[in-house]
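Asks: Sequence:
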Amino acid sequence: MQDDQTLKAICYQRGSLSILDQLKLPDESSYIPINSVDDAWKAIHTMSIRGAPAIAVCGVLSLAIELNNSRSKFDSISSVQQFVTAELNYLLTARPTAVNLTDAAKTIIDYLIPLSNKHGNVSSYIDELLVFMEQFLERDLADNRSIGRYGAEAICQNNTNHKKLNVLTHCNTGSLATVGFGTALGVIRQLAVNDALQLVYFTETRPYNQGSRLTAYELLHDRIPHTLICDSMAGFLMQKEPIHAVIVGADRVTANGDTANKIGTYQLAILAKHHHIPFYVAAPTTSIDLTKQTGNEIVIEQRPSREMTSIKGINIAAEGVQVWNPAFDITPAHLITGIITEHGVFKPDELEEKLLSLKEVQTMTNLIQEGSKVILYLGYNNLHVIKAKVNEVYQTKFGALKHNDLIGKEFGSKIICTKGYVHALSVIPELWTLALPHRTQILYMADISLILLELDIKPGSIVIEAGTGSGSLSHSIIRSLRPNGHLYTFEFHELRSNLARNEFEEHDLSQFVTVQHRDVLSNGFEHENIADAVFLDLPAPWNAIEHVMKVLKKTGGRLCTFSPCIEQVQRTCQRLHMNNFEEINTVECLRRIHEFRYQHRSKIRFTADQNQEEIIDRKSNKREPDDDDGNEEEETTTNKKLKNDSETTTKRQPQETESTLTAIGPLVMPGHTGYLTFAYIKQE
Numbered sequence: 001m002q003d004d005q006t007l008k009a010i011c012y013q014r015g016s017l018s019i020l021d022q023l024k025l026p027d028e029s030s031y032i033p034i035n036s037v038d039d040a041w042k043a044i045h046t047m048s049i050r051g052a053p054a055i056a057v058c059g060v061l062s063l064a065i066e067l068n069n070s071r072s073k074f075d076s077i078s079s080v081q082q083f084v085t086a087e088l089n090y091l092l093t094a095r096p097t098a099v100n101l102t103d104a105a106k107t108i109i110d111y112l113i114p115l116s117n118k119h120g121n122v123s124s125y126i127d128e129l130l131v132f133m134e135q136f137l138e139r140d141l142a143d144n145r146s147i148g149r150y151g152a153e154a155i156c157q158n159n160t161n162h163k164k165l166n167v168l169t170h171c172n173t174g175s176l177a178t179v180g181f182g183t184a185l186g187v188i189r190q191l192a193v194n195d196a197l198q199l200v201y202f203t204e205t206r207p208y209n210q211g212s213r214l215t216a217y218e219l220l221h222d223r224i225p226h227t228l229i230c231d232s233m234a235g236f237l238m239q240k241e242p243i244h245a246v247i248v249g250a251d252r253v254t255a256n257g258d259t260a261n262k263i264g265t266y267q268l269a270i271l272a273k274h275h276h277i278p279f280y281v282a283a284p285t286t287s288i289d290l291t292k293q294t295g296n297e298i299v300i301e302q303r304p305s306r307e308m309t310s311i312k313g314i315n316i317a318a319e320g321v322q323v324w325n326p327a328f329d330i331t332p333a334h335l336i337t338g339i340i341t342e343h344g345v346f347k348p349d350e351l352e353e354k355l356l357s358l359k360e361v362q363t364m365t366n367l368i369q370e371g372s373k374v375i376l377y378l379g380y381n382n383l384h385v386i387k388a389k390v391n392e393v394y395q396t397k398f399g400a401l402k403h404n405d406l407i408g409k410e411f412g413s414k415i416i417c418t419k420g421y422v423h424a425l426s427v428i429p430e431l432w433t434l435a436l437p438h439r440t441q442i443l444y445m446a447d448i449s450l451i452l453l454e455l456d457i458k459p460g461s462i463v464i465e466a467g468t469g470s471g472s473l474s475h476s477i478i479r480s481l482r483p484n485g486h487l488y489t490f491e492f493h494e495l496r497s498n499l500a501r502n503e504f505e506e507h508d509l510s511q512f513v514t515v516q517h518r519d520v521l522s523n524g525f526e527h528e529n530i531a532d533a534v535f536l537d538l539p540a541p542w543n544a545i546e547h548v549m550k551v552l553k554k555t556g557g558r559l560c561t562f563s564p565c566i567e568q569v570q571r572t573c574q575r576l577h578m579n580n581f582e583e584i585n586t587v588e589c590l591r592r593i594h595e596f597r598y599q600h601r602s603k604i605r606f607t608a609d610q611n612q613e614e615i616i617d618r619k620s621n622k623r624e625p626d627d628d629d630g631n632e633e634e635e636t637t638t639n640k641k642l643k644n645d646s647e648t649t650t651k652r653q654p655q656e657t658e659s660t661l662t663a664i665g666p667l668v669m670p671g672h673t674g675y676l677t678f679a680y681i682k683q684e
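Sequential numbering from 1 applies to the sequence shown in our numbering.
Be aware that a few hints might be false.
[Unchecked claim] Pairs of lysine-lysine, BS3-like flavour, derived with a Cα cap of 30 Å:
hint : residue 1 : residue 2
1    : K273      : K389
2    : K312      : K292
3    : K273      : K554
4    : K347      : K73
5    : K387      : K347
6    : K387      : K402
7    : K347      : K682
8    : K347      : K312
9    : K106      : K73
10   : K312      : K458
11   : K387      : K458
12   : K409      : K419
Hints listed in this document are in silico derivations from the structure and should not be mistaken for laboratory results.
Could you build the full structure based on these sequences and the hints that come with them?
Replies: Below you can see the structure in the form of structure tokens.
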């Protein structure tokens, strides 16, 4: 949809930026060139471009344009930093309520100093800064698509009795308010893609008519079934027609969930509450301001009175009338069902905790600090996990490693021990499988990657695992579903379950996982209709299929089983077919490691002289048999001649060697051979 130029609010390539003039829509599609920060400030202030995400990206890219086109005037990195900081602060004065531009400005300013430590050259510094700024464009589009998926899923799960839904939205929150796809309108687009949308009602959104001018424009383009209403019709609509959800965007959300959005949002929330209709706010985390605790701290922008009293220069109100024209209102958190972000859907009262947890996960310092978990790399298949502690010592095959030598170093550093060195690596999912103690037969990285892909495990997923084992798969699942998902893992052996539980606590993962000692085959799972995906590592997985169907969400979900024998696979697939699972397929897992090494070999020269020389050498060095009396036989005339010839032959030069890259396969089949069976079921 965004590929159509008329639905792109921002068009950018290095050195060129233009924005769609939304003041002229829907009558005319024309673009305004943005050649400087001043151009962007004017476009934002006059609302030629609007929508909190679009404002932020436009502001950042206008700075990138000016920085790129005037790079010759900068004689030092500090002059670049001063310019960028001043221009960003200027852009923030264009419109005060939306927080996205403020967040973007802080992110860029925080990046200026660390970037200067990498570059001493002004030109290369500017080049990398431009790349960093340009990432805001792609990030916004990716975030919007995630918001669409999470929002559509949440709304459908909340309305399981309806195959197709009627929803109501306000203002414009689509491709014209963002880089593409949209926030609240992105959720509606995703509902349409999922064939779950019956009709979308949308308000005209007085006084600037963003609904009738812009949202109508997008819905018509996408051929999404729709009906336009006046703002004052919403209550009567809810009384007369089935509305299954109200979805709006946000310009700023505070820590407690209070939301500033286009004027008229608050009254829609009250009406939805009265009519028992779920009310959702769709916004990227860049619109969430944790520095403000409540909506009372938000500055509300006041727009000029002429925007209410006239339309395109034509008066619609008496001359001289007094006007109050706030651009936004505040919707209290208690009226909001859920806040849809690119990381999942949160209740207002859990928003701050979840986002702080997410921020902690994302803010990965590159320096090892006291308490940091470090993977020590001593060699292939020789990794150790430690927690850095002041004055501690860890013994390795290369001698003693002092923790004090770790603290303050960058991850990836070579650390000197008493008899050699190790590398200190950061904790990433790919290394956990190799670093964790292996109590059982394990799944390796390639297998785990395939499982995560096929089960569609992502932030916010609820996953059931039967057969905790070594916990290597569990760790990877947790890292995929954080910060707002959860893993329920069940283990038949009590000792293993206790060990796994302790490891999760030690690795600060216990908030994302629940470990239980339980015989799943006999007793099933204790939960019902909660899981997006299930993984079974059981001796008889076919006997757990009925339990799987109960624990998957009512809308269905995905299943993966791990079996070492093909007979187990056959019985499992048979039971899956009997229970109407679809897309059943099995993958054989193999692990063979091939090493590539340079080996030194003597060069072989195929020349006549060398061949003759080697023949003479071999013959001249050959010993004749002894006589019966024990004395050696006298040299024959022939032997003497050969000996003399060999002495006259040019002395052989030292043999040359060459280095050849050689593939070395495993001597034995390491690891394991097993089968992963995947299936999907859609339940009503």
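Asks: Determine for every hint whether it applies to the structure shown.
Replies: Taking the hints in turn, this is what the structure says about them:
| no. | hint | in the structure |
| --- | --- | --- |
| 1 | K273 - K389 | violated, 53 Å |
| 2 | K312 - K292 | violated, 37 Å |
| 3 | K273 - K554 | holds, 26 Å |
| 4 | K347 - K73 | violated, 49 Å |
| 5 | K387 - K347 | violated, 34 Å |
| 6 | K387 - K402 | holds, 12 Å |
| 7 | K347 - K682 | holds, 27 Å |
| 8 | K347 - K312 | violated, 41 Å |
| 9 | K106 - K73 | holds, 24 Å |
| 10 | K312 - K458 | violated, 47 Å |
| 11 | K387 - K458 | holds, 28 Å |
| 12 | K409 - K419 | holds, 20 Å |
Violated hints for the displayed structure, listed by number in ascending order: 1, 2, 4, 5, 8, 10.
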